[in-house]
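First residue of the sequence shown? That's 1 in the working numbering, and the numbers climb one at a time after it.
Incorrect hints may have been included.
Claimed, not checked - Beta-carbon label-pair distances, calculated as ranges: (1) P60 / Q140: 18 to 26 Å; (2) K178 / E29: 22 to 30 Å; (3) R63 / E125: 21 to 29 Å; (4) K175 / P56: 28 to 36 Å; (5) R144 / R63: 15 to 23 Å; (6) S180 / E29: 19 to 27 Å; (7) L210 / Q140: 28 to 36 Å.
Treat the hints as calculated values from the structure; they're not laboratory data.
Ideal Cβ placement from N, Cα and C applies to all residues, glycine included.
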Amino acid sequence: MTEITLPTLVQNGTMNEDVAALLWTVAAEKRWLITAAVPRKAGKSTVLEAALRHVPARTPLHRLDGSLEEIRRLGRSPDGGYLVVGEISTEPPPRYIWGEKVAALFETLRAGFSLATTMHANGVEDVFKQICTDNGIGDQDASRIQYVVVIERTGDRDESYRRHVVSVHEIEVVKGGKPSARLLFRRTEAGRIETVDRPRLLAASAADLLRRARLIQRQAGRI
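Turn these sequences into a full structure, and let the hints guide you.
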């Protein structure tokens, strides 16, 4: 099975090279990242995993099995890696977590880990409603989430549907369980991804992002 990369996702129209360059940089700087969508097979995990290919060398990726014991154990031996959660969700698959496990996760994250997870949510506000209101996570912990990517699936047939990033948000702060979010990218009605604002939380410069975008373009066969 072919591994999905950010250039692959540019090539198939899921995102453009500017969004891909941002996700590369988010992972390279070990920022917290959530990918969100409502329908199944929308590409939440695919986009997340493509971004995580760009974490710094030797960065541990702890793919949680969903058990409370594992979450708490990792908190006793922090190594600066990513905690990769299958999904923050009420659904039953083993790697999905909710309630007490989400509270334990955010407690463990305070030890110095980064978070990468997917969520079944219909937008950035719904992401934080589920985390803060439904799971009782406080503003200070929730404010460590810095980037949320919202994805949609178009088409009802499993053999012919398409996936598209519809918006990318940078979270400045969370107050009262509600995010103050900067919209960085959005998909227009014409199907084009437009840049709305520049990221302000990254250490990388605009020139760094442009260089990565051009490299991804070449790798995607766009140049």
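Quick one: which hint numbers does this structure break? Sort them smallest to largest. none
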